Amino acid sequence: MTGLKRAVTGTDEETSSPAVRTPCTYGTGTASIRSMDGTDVVAQLVRLADELGPGLEPPGAKDQLQAVVETVRVLLGAAACSVAAVDPDELSLVFLAAAGEGADRVVGSRMPLSKGIAGWVVSSGQSLTVSDTAQDTRFAADVATATGYVPTSLLAVPLQSDDDVLGVLEILDAQVEPDANTSRLLELLAHQATLTLQTMVVFADLGTALLRALKKVNADGDLGQALDAAVAGSRGSVRELAEFAALFRSLGRLGPEERTTATRLLASFTTYAQRVAPQP
Amino acid sequence: MKPAYAWQFDPRHLASVTVDLPAAITPEWAWGGSTGAGVKVAIVDSGVDAGHRWVGSIAGGVAVEYDPKLAARVRYDEGPHDDLFGHGTACAAIVRKTASDAEIYSIRVLGAQLSGKGFVFAAGLQWAIDHGIQVVNLSLSTPNRTHFAAFHRLVDEAVRRRIMVVSAMNNWPGRSYPSEFSGVFSVATHDGTDPYGFDFNPHPPAEWGAPGIDLEIAGLDGSVMRASGNSFAAPHIAGLIVKILAKHPDLTVFQMKAVLQALAGNAVPAPA
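Protein chains in written order, with our numbering: chain A, 1 to 280; chain B, 1 to 272.
Don't read these hints as lab results, they were simulated from the structure. If you're wondering where the values come from, they're calculated on a predicted model, not measured in any experiment. Beta carbons are placed, not taken as given, at the ideal position from N, Cα and C, and that holds for glycine. Only true hints are included.
Pairwise CB distance ranges (calculated):
#1 B:97 <-> A:192: 34 to 44 Å
#2 B:202 <-> A:273: 53 to 63 Å
#3 B:191 <-> A:192: 24 to 34 Å
#4 A:251 <-> B:205: 48 to 58 Å
#5 A:132 <-> B:203: 26 to 36 Å
#6 B:205 <-> A:268: 53 to 63 Å
#7 A:195 <-> B:195: 36 to 46 Å
#8 B:261 <-> A:132: 28 to 38 Å
Chain A with its partners taken away, still in its complex shape:
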């Protein structure tokens, strides 16, 4: 998943320690999970989860965001609409979905958080309307020009979960004044976009999530029971994802030639599927 990498700290510090059951610490917790050859299992698990997490992101997350921006654009008769996600590591915004004018140039582009209306909205956590971008010193005209469309007016809304602003929904040159029903729809659509960004962040943060889980497990003192409970608590909605993960695990146990072949096969199929799939 582009642009939603999160830092995981404290995972590399003891990877070269001697092969003894010396406790290692993560934050306030203490873990004694260490293999006999000295490899820090916790660190490896976290790193593995970090690398696999974005890859295991449920399919359709960006499609959901695309559906949101298309719908908002139609509801408000806007020239364009986009969703950008916050990348806290790089203090920038990454545009994940866009509809309307300049959409093809917007998706995938980055903008520093210190710049533009969207950056202001993330920093303040407040929505902002601009009736004349030419008069607003916060407006990043160069970024807009690069997309091929410079709006006159815009509305930018923070997509907020708890205290974290996960992204920004931007609407350019809206022509329709929303009534009560449309307002309710807009509220729900922004909520949908926020939930989708939350899901994407969870997968990008899988390593951190695992670390937290292990800390909790260690506090309880029984890794096995906790894992059993986690397996028993898994719901049907994640089974497909679990099957996918199991497949990767099986591939990982095969030899290097088999893994290379499987990777090539998967890459070829993905390229083919993207080519023949109907464009949204």
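Dock chain B against chain A, hints included.
For chain B alone, kept in the frame of chain A given last:
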């Protein structure tokens, strides 16, 4: 033994109250001749540029910063500070339009920090309550349910201390605290441009309508620009409240709402 709180209504303890409401509430009675002098109004926002010609001066202020190392998670730096985004300066200038002599305080809660916004915002409102501020302009809000109780407590405390909290509705539909609370003067834009013109909505949460569309507002570095938003409607109501309070300092929050309702553009006399 009498029930709890009954002692407050014992004639030996019950103080007399000044009821400063005439038979007919008119603009002249409410704010005629008032410049807002002597009334402390806080702009809880991104800071205020005292050097902007539309602001003139500010009486004081504090910058509130998120600091997870502290038990309270916030740090207070009292004294002069910059406006980081221009938003607070715009709001202060709008208050000045009608309340030219108000004592404006800047409480900076919007900053570059990416987390802790709700705590900082609530801490800013608490600072205003604790420092004798009479009118608080909040052209910001939070949708975060985590802070619902904290803001509810703060607004209740403000109402009991006769502090008028003016709160802009969010520009996007959805949850919005504390602007949804009945204890605040919740404000959204209406179509008018007269700084003395406003409407009353009998179906809140957006209780008051004031100018906020396509306005000339103060910006950073002395600039002036055109903008829209509920953020700019709220300080119009705050400015009028400051003017009224300068003439009628004994008004309670619910009395102030009654005065404003009587002066609203859509107010009509009751049928005889």
